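4 protein chains.
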Amino acid sequence: MKRNKPKYKQIIDAAVVVIAENGYHQAQVSKIAKQAGVADGTIYLYFENKEDILISVFRERMGYFVEKMKEVIAGKETAAEKLLVMIENHFNILSRDRNLAIVTQLELRQSNKELRMQINEVLKEYLHVVDDILRFGQAQDEFDKNMDIRLARQMIFGTIDETVTTWVINDQKYDLTALAPAVHKLLLNGCALR
Amino acid sequence: MKRNKPKYKQIIDAAVVVIAENGYHQAQVSKIAKQAGVADGTIYLYFENKEDILISVFRERMGYFVEKMKEVIAGKETAAEKLLVMIENHFNILSRDRNLAIVTQLELRQSNKELRMQINEVLKEYLHVVDDILRFGQAQDEFDKNMDIRLARQMIFGTIDETVTTWVINDQKYDLTALAPAVHKLLLNGCALR
Amino acid sequence: MKRNKPKYKQIIDAAVVVIAENGYHQAQVSKIAKQAGVADGTIYLYFENKEDILISVFRERMGYFVEKMKEVIAGKETAAEKLLVMIENHFNILSRDRNLAIVTQLELRQSNKELRMQINEVLKEYLHVVDDILRFGQAQDEFDKNMDIRLARQMIFGTIDETVTTWVINDQKYDLTALAPAVHKLLLNGCALR
Amino acid sequence: MKRNKPKYKQIIDAAVVVIAENGYHQAQVSKIAKQAGVADGTIYLYFENKEDILISVFRERMGYFVEKMKEVIAGKETAAEKLLVMIENHFNILSRDRNLAIVTQLELRQSNKELRMQINEVLKEYLHVVDDILRFGQAQDEFDKNMDIRLARQMIFGTIDETVTTWVINDQKYDLTALAPAVHKLLLNGCALR
DNA sequence: CATGAATGAGATTTCATTCAT
DNA sequence: GATGAATGAAATCTCATTCAT
Numbered sequence: 001m002k003r004n005k006p007k008y009k010q011i012i013d014a015a016v017v018v019i020a021e022n023g024y025h026q027a028q029v030s031k032i033a034k035q036a037g038v039a040d041g042t043i044y045l046y047f048e049n050k051e052d053i054l055i056s057v058f059r060e061r062m063g064y065f066v067e068k069m070k071e072v073i074a075g076k077e078t079a080a081e082k083l084l085v086m087i088e089n090h091f092n093i094l095s096r097d098r099n100l101a102i103v104t105q106l107e108l109r110q111s112n113k114e115l116r117m118q119i120n121e122v123l124k125e126y127l128h129v130v131d132d133i134l135r136f137g138q139a140q141d142e143f144d145k146n147m148d149i150r151l152a153r154q155m156i157f158g159t160i161d162e163t164v165t166t167w168v169i170n171d172q173k174y175d176l177t178a179l180a181p182a183v184h185k186l187l188l189n190g191c192a193l194r
Numbered sequence: 001m002k003r004n005k006p007k008y009k010q011i012i013d014a015a016v017v018v019i020a021e022n023g024y025h026q027a028q029v030s031k032i033a034k035q036a037g038v039a040d041g042t043i044y045l046y047f048e049n050k051e052d053i054l055i056s057v058f059r060e061r062m063g064y065f066v067e068k069m070k071e072v073i074a075g076k077e078t079a080a081e082k083l084l085v086m087i088e089n090h091f092n093i094l095s096r097d098r099n100l101a102i103v104t105q106l107e108l109r110q111s112n113k114e115l116r117m118q119i120n121e122v123l124k125e126y127l128h129v130v131d132d133i134l135r136f137g138q139a140q141d142e143f144d145k146n147m148d149i150r151l152a153r154q155m156i157f158g159t160i161d162e163t164v165t166t167w168v169i170n171d172q173k174y175d176l177t178a179l180a181p182a183v184h185k186l187l188l189n190g191c192a193l194r
Numbered sequence: 001m002k003r004n005k006p007k008y009k010q011i012i013d014a015a016v017v018v019i020a021e022n023g024y025h026q027a028q029v030s031k032i033a034k035q036a037g038v039a040d041g042t043i044y045l046y047f048e049n050k051e052d053i054l055i056s057v058f059r060e061r062m063g064y065f066v067e068k069m070k071e072v073i074a075g076k077e078t079a080a081e082k083l084l085v086m087i088e089n090h091f092n093i094l095s096r097d098r099n100l101a102i103v104t105q106l107e108l109r110q111s112n113k114e115l116r117m118q119i120n121e122v123l124k125e126y127l128h129v130v131d132d133i134l135r136f137g138q139a140q141d142e143f144d145k146n147m148d149i150r151l152a153r154q155m156i157f158g159t160i161d162e163t164v165t166t167w168v169i170n171d172q173k174y175d176l177t178a179l180a181p182a183v184h185k186l187l188l189n190g191c192a193l194r
Numbered sequence: 001m002k003r004n005k006p007k008y009k010q011i012i013d014a015a016v017v018v019i020a021e022n023g024y025h026q027a028q029v030s031k032i033a034k035q036a037g038v039a040d041g042t043i044y045l046y047f048e049n050k051e052d053i054l055i056s057v058f059r060e061r062m063g064y065f066v067e068k069m070k071e072v073i074a075g076k077e078t079a080a081e082k083l084l085v086m087i088e089n090h091f092n093i094l095s096r097d098r099n100l101a102i103v104t105q106l107e108l109r110q111s112n113k114e115l116r117m118q119i120n121e122v123l124k125e126y127l128h129v130v131d132d133i134l135r136f137g138q139a140q141d142e143f144d145k146n147m148d149i150r151l152a153r154q155m156i157f158g159t160i161d162e163t164v165t166t167w168v169i170n171d172q173k174y175d176l177t178a179l180a181p182a183v184h185k186l187l188l189n190g191c192a193l194r
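Chains as they are written, first to last, in UniProt numbering: chain A, 1 to 194; chain B, 1 to 194; chain C, 1 to 194; chain D, 1 to 194.
It is worth saying that the hints were derived from the structure and are not from the lab. Keep in mind that a hint or two might mislead.
Any copy, or any two copies together, can satisfy a pair, since identical chains are not distinguished.
[Stated by the list, open to error] Straight-line alpha carbon distances no greater than 27 Å define the calculated DSSO-like cross-link-like pairs of lysine-lysine that follow:
(1) 145 to 173
(2) 113 to 173
(3) 124 to 50
(4) 145 to 31
The model shown is predicted, which means the values in this text are computed figures rather than measured ones.
Turn these sequences into a full structure, and let the hints guide you.
Right, dumping it as C-alpha cells:
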C-alpha cells in the first residue's frame, strides 16, 4: 500500500483517463488495470478497494491544486488580486488537463453519497483558502465586514464550479481562462450598477 | 401511461421518499412500488422504465418550481426584488420539502450522464427565468449593461445551488430561508466594499 | 367457451395474423386481443389459456386441411393420383394463406414440448390420410408391399414439410405449387435411375 | 473466451444434459452452471451470452457430425453406398447420444427465429454433403439426371429428420439405426413398385 | 511482488391471468 | 357477457474482489 511506488501514480493516472473516456459507471477496475498496464489483482496491492482509487484521484490532484493556489495567492498583495489569481489558476489547471476536468466536474459526481462526503472532506482545504482570502480582504478593508464569510465562500466556489461545469458540458469549446476577469469582477461587485 | 391518474402521482411521491431515505443506488423499483402501495408491475403501466420515473420526479416537481417562480417574480417591480423573491422561493420550497431537497441536491446527481442531460433540459427553463431577470435589470438600468448574462446566470445559479447543497449536507440543521437576504445582497453587490 | 360464436373465429384469425407478423415469442395475448378487437379478458371467455388459443389455431385450420384432403383424394382412382392431389392441395392451401404457412412452419414450432405434443395429436389425422393412401396403393399393387408404411409416411410427410419450410424460409419467393409434380415423382420413384 | 480450455467443453456438455432433461425453456444459465460445476459468472468468461451457449452446442456437435459424414462417405465408391452410410451414421450418432437427439430434434427448435437462422447456417454444411452425393450420383449415372437437386435434398433431409424426430417423440424405444436400410431403399426407389 | 481466472450476489422488466365493475 | 387495470413471479448478466500459483 505504498503511495510512493511508481505503480501507485500509474494507476491514479490510468483511472483519470479511463473515467474521462468511459464515464464513471463504465470505469471498471479491470479497465483501469489494463490502462495502467497491471493485472486486476495488482490494483489491490496499492488500493483498499475501488472507492479508494477514486478518492485518491481526487486527493492527489486536489492536493496539487491547493498547493498551487496557496503559492500564487501568497505572491499577491491585495485580496482582489489574490481572488483573481485563484480564479485564473483554477480555470487554467482544468483547461490544461481536460480529462481531469471531465472527471471532477461530471463523472465523480455520480459516485455515491459516501464517496462524495469524502471528496467534500478533501475540498474543505480548498474552501479554507477561499475563506482566508475573504478574511484577509475584510481585515484590509477591501471587503464588506458585515458579509457572511460562509455565504461568500459558497458564492465564490459555486460560481467557479458552475462556470467550469458549464464549460465542460459545452465540450470545452471556448476559452475558459479568458472568463476569469469577468467572473472576478462579478464576484467582487455583483450584478448591480455602482 | 396517463399522467393524471392518481397512481401516477402516488408513484412519483413514493420515489421521492424512497430515494431520499435509501439513496439513489438503493432505490430499487420494488422499494418504490412497495412505498406506493402497488405491485412492481404496476409501475410499468405508468412509466416506461426506471429512468422515466426519475426524470418524471424532476420534471413534475421542477415544473411546479418554475411556475411558482414566474408567478412571484411577475408580482415584483424591480429586478432586485424579483431576484430576492426568486431566491426566497427557491430556498423556501426546498426547506418545506426536505426529501425533495435531498433528492435534487444529492441523489439525482448520481444518475448517469444521459439522465443528467435530460435533467439539464428541464433545468434550462429555470435558467431562462434567471436570464429574464438579468435582462430586465439591464433594461431598467438596475444592472450593469456590460455584464455577461451567461456568467451572471452561472453566478446566481451556482451560488444558490451551492448554498442549498451545503445546507443539505449539514443535515438541514439551520434555517435556509433566512439566508435569502444575505445571498441576495452578495449577488447584487459582490464582496467588495462600496 | 362456445366455439361457434363469432368472437371465437375472430380471435383465432387474429392469432394467425399476430403470430405471422410478430413471431411466436412476440405474440402476446394483449396483441391478439387488440387485433381481434376485444378486451384482453374476453379472450378467456373463449379460451382456457394462451396455449389453448394456439392449439385451436392448429386444430381449426388443420381440420379444414384434412377435410379438404379427404375430399380431393376420394375423387381420384389410383394411389399415385391420390398422392399427387394431396401434395398439390397441401402446397396450394399454404400458398394461398401465407400467414398460416409462416405460423405452422416456423412460429408454432417454437412452442414448448407440451404444446407440440398436442399439435402432433392433431397432425395424426393427417398422417392417417397418408397411411390410407399408402395401404390403398399396396392393395392396388401400385406400391411395394414390403415397404414399411410408417417409414414411407415419414418420408412423404418429411419431404412435404421440409419443402414447405424451405419455401417459407426463402420468403415464399417462388411458386410452391409448381413443385408438386416433381416432389410427387421423387416420392414415387426415389433418386435412382430406373 | 478460449474454446480449447477444458471448461469450455465442460459447459457445452452440461448444456446438452440440462436442456435434454429440463427442456429449452427451463434450461436456465444457473442450472447449466451448476451441472458444469462452475459459478454462474464463469459461464460468461467462455460465452458471450446464453444464446452463444446454445449456438455453440449446435456448432460443436454438428461440426463433428459433418466431419464424420465426410469421412465415411469418402470411403465408399457408389452414390448409393455413400447415401447409406450417411443415413446409418446420422442415425447412429444420435442413437448413441440420446440427450443430443432430444436437444437437436425437439428443444433447440423452440429457440427464437434469430437463433434458428444461425443454426440453419450450421446446417447448410450438412446439406452441402447431401448435395455432393446427389451430384456424384448423377455424374455416375446412378441417379436421375433430370432430378431437381434441391428437391431431392429436401426429400432426403426431410425424411431423415422426420424419422429421427418420430423416434425421439416415441421415447427412443426402438432401434433407430436398424431403420437405415429401409429408409435408404425408400429414398432410392420411392414407394412405387418397380 | 504480481497475476488473472473464478466467484456469486443482486435488480429490472415482461406478460399471462384475474376479478371487480 | 365484456372490460382492462392490476398483479407478481422469475431469469440474465455484471463486476468488485479474492487467492492459488
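Results of checking the hints against the structure:
Taking the shortest alpha-carbon separations for residue 145 and residue 173, only the inter-copy value of 25 Å comes in at or below 27 Å, while the best intra-copy value is 39 Å. Within a single copy, residue 113 and residue 173 get their C-alpha atoms only as close as 31 Å, which misses the 27 Å cut-off; across copies the closest is 18 Å, which meets it. In this homomeric assembly, residue 124 and residue 50 come within 27 Å of each other (Cα to Cα) only inside a single copy, at 22 Å, whereas the closest approach across copies is 34 Å. With identical chains, the CA atoms of residue 145 and residue 31 are never at most 27 Å apart, being 51 Å at best within one copy and 50 Å at best between copies.
Checked against the numbered hints given earlier, this structure breaks only hint 4.
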